[in-house]
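Student: These are the residues of each chain, in order.
2 protein chains.
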Amino acid sequence: MRDTYHDDLDAISTSLVEMTSMVGSAMSRATTALLDADLKLAEAVIAGDEAVDALYRDIESKAFDLLARQQPVASDLRIIVTSLRMVADLERMGDNAVHVAKIARRRYPGSAVPPTLRSTVLKMGHAAEEIVAKAGSVIARRDIEMAAQLEKDDDVMDELHKQLFTSILDDQWSEGVEPAIDITLAGRYYERFADHAVSVARRVVYLVTGERAPTAG
Amino acid sequence: MRDTYHDDLDAISTSLVEMTSMVGSAMSRATTALLDADLKLAEAVIAGDEAVDALYRDIESKAFDLLARQQPVASDLRIIVTSLRMVADLERMGDNAVHVAKIARRRYPGSAVPPTLRSTVLKMGHAAEEIVAKAGSVIARRDIEMAAQLEKDDDVMDELHKQLFTSILDDQWSEGVEPAIDITLAGRYYERFADHAVSVARRVVYLVTGERAPTAG
Chain A
47 MRDTYHDDLD AISTSLVEMT SMVGSAMSRA TTALLDADLK LAEAVIAGDE
97 AVDALYRDIE SKAFDLLARQ QPVASDLRII VTSLRMVADL ERMGDNAVHV
147 AKIARRRYPG SAVPPTLRST VLKMGHAAEE IVAKAGSVIA RRDIEMAAQL
197 EKDDDVMDEL HKQLFTSILD DQWSEGVEPA IDITLAGRYY ERFADHAVSV
247 ARRVVYLVTG ERAPTAG
Chain B
47 MRDTYHDDLD AISTSLVEMT SMVGSAMSRA TTALLDADLK LAEAVIAGDE
97 AVDALYRDIE SKAFDLLARQ QPVASDLRII VTSLRMVADL ERMGDNAVHV
147 AKIARRRYPG SAVPPTLRST VLKMGHAAEE IVAKAGSVIA RRDIEMAAQL
197 EKDDDVMDEL HKQLFTSILD DQWSEGVEPA IDITLAGRYY ERFADHAVSV
247 ARRVVYLVTG ERAPTAG
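Protein chains in written order, with our numbering: chain A, 47 to 263; chain B, 47 to 263.
A few of these clues could be false.
[Stated by the list, open to error] Partial list, computed: chain A residues near chain B (C-beta under 10 Å): (1) LYS108; (2) PHE110; (3) PRO118; (4) VAL127; (5) ARG131; (6) TYR154; (7) ILE214; (8) LEU215; (9) GLU221; (10) ILE227; (11) ILE229; (12) ARG258.
[To be verified] Here chain B is said to cover these stretches of chain A; the calculated rule only asks that three of the stretch's residues, wherever they fall, bring their Cβ under 8 Å from a Cβ of chain B: (13) 119–126; (14) 230–238.
Note that these hints are calculated values from the structure, not bench results.
Quick reminder that beta carbons are idealized off the backbone N, C-alpha and C, glycines included.
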């Protein structure tokens with residue numbers, strides 16, 4: 047009985063890791079769609095969120111099932127409840143990728159990203175991919191050290207986010223209001239994506255060490 | 047034993063309702079701070095988030111405690127796990143109020159809201175207050191009808207959010223880029239605040255009816 051139980055727990059963990067891959071891939075493709083003004087790719091990211099939501103519901107129902115059937119206590123209980131919260135973070139990360147893709151779609155056939163900001167947006171996309179890949183490792187291996195690295199990636203993301211605003215608010219900005227809005231929103235989506243990944247990693251750290259980090263802003 | 051148990055469940059529900067009041071009040075004050083360029087009020091909202099986070103942790107630990115001690119099944123289990131998720135939504139709503147207050151602080155002694163948009167922002171603030179007040183009633187009385195009303199308020203919020211963008215993108219817009227960014231972000235914070243309130247209400251509906259609404263965007 048306990049063996050099946052721990053198999054089920056492992057299955058949840060595996061699905062969470064899979065979900066990090068899915069939302070990482072979604073954000074990667076959303077970034078490409080945004081930079082290349084690729085409508086088809088943007089549509090694919092938007093449509094692909096259904097699969098993320100389906101996995102979300104699957105993990106959720108597995109977790110509930112375990113809670114109900116096995117009545118776990120102590121650390122097992124914490125793992126399952128924490129999984130339920132991580133899956134919610136991951137679902138939101140998928141939404142953020144969709145939001146980026148929707149900006150690309152809204153501006154098509156134009157590009158939402160002015161040439162001067164391509165490099166910063168690309169770096170934000172890369173930072174997002176790296177941070178979620180690390181979140182996957184943190185879940186899979188309960189790797190506390192990786193969680194610390196991930197926090198540093200989030201600092202990089204915050205720095206890039208600041209750079210975006212500096213560019214938009216610079217006297218040299220000649221793109222007008224509409225691109226400023228697109229970039230403001232895109233910047234926010236990348237930053238939220240990273241924040242949720244930080245939140246996922248911190249939940250794992252809390253499981254392993256019992257030490258709780260402050261809530262992510 | 048069961049009596050204490052249900053008292054504990056009720057206490058969690060009462061705390062959740064209290065949290066709706068706290069974040070509703072925070073958003074109300076943040077809106078005033080934003081419209082009046084009131085630095086003191088903005089600072090108070092920002093500092094006040096500590097109390098929201100403290101209540102969050104308190105509800106969380108009570109819920110865990112119940113799960114561990116009572117090993118609830120079926121509907122009681124669903125109530126507790128759902129509470130854990132609602133408290134996370136409410137915590138994020140508090141963060142959104144803080145984000146609005148921070149815009150007010152950043153632009154002080156100026157105002158982040160141009161005169162032409164004061165009315166729209168005020169309406170968004172009011173919609174946010176009404177929606178979270180309804181979310182409180184939905185939790186307190188498991189009021190499904192109120193939950194339906196709340197969804198309509200969210201439609202109003204979405205409409206106001208669109209109006210904001212229409213104004214910013216209008217040829218008549220003469221405020222420049224910086225106010226456009228402030229308003230874009232503020233609009234997003236109000237809209238997220240309302241989305242989380244919708245999410246809270248839907249979780250209650252799911253508890254009562256077993257019918258799940260699609261995930262909020």
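Student: Each hint should be assessed against the structure and marked as holding or not.
Tutor: Each hint tested on the structure:
Annotation: interface hint on A/LYS108 violated; nearest CB of chain B at approximately 13 Å, more than 10 Å. With a least beta-carbon distance of about 7 Å to chain B, the hint placing A/PHE110 at the interface is held under the 10 Å criterion. Interface hint at A/PRO118: satisfied, since its Cβ lies 8 Å from the closest Cβ of chain B, which is below the 10 Å cut-off. At about 6 Å, the closest approach between the beta carbon of A/VAL127 and any beta carbon in chain B falls short of 10 Å, and the interface hint on this residue holds.
Given hint, A/ARG131 at the interface with chain B, holds; its Cβ is 7 Å from that chain's nearest Cβ, closer than 10 Å. With a least beta-carbon distance of about 17 Å to chain B, the hint placing A/TYR154 at the interface is violated under the 10 Å criterion. A hinted interface residue such as A/ILE214 counts as satisfied when its beta carbon comes closer than 10 Å to some beta carbon of chain B; here the least separation is about 6 Å, so the hint holds. With 10 Å as the threshold, the beta carbon of A/LEU215 comes within range of chain B, its nearest partner Cβ sitting at about 6 Å, so the hint holds.
The interface hint given for A/GLU221 is met, as the beta carbon of that residue sits about 9 Å from the closest beta carbon of chain B, less than 10 Å. The beta carbon of A/ILE227 comes within 5 Å of a beta carbon in chain B, closer than 10 Å, and the hint placing it at the interface holds. Hint on A/ILE229 holds. Least Cβ distance to chain B is approximately 9 Å, under the 10 Å limit. A hinted interface residue such as A/ARG258 counts as satisfied when its beta carbon comes closer than 10 Å to some beta carbon of chain B; here the least separation is about 8 Å, so the hint holds.
Beta-carbon proximity to chain B at under 8 Å applies to 4 residues in the region 119–126 of chain A; the threshold of 3 is reached and the given coverage holds. Chain B is given as covering the region 230–238 of chain A, and this holds because 3 residues of the stretch bring a CB closer than 8 Å to a CB of that chain, at least three being needed.
Checked against the numbered hints listed earlier, the structure breaks hints 1 and 6; every other hint is satisfied.
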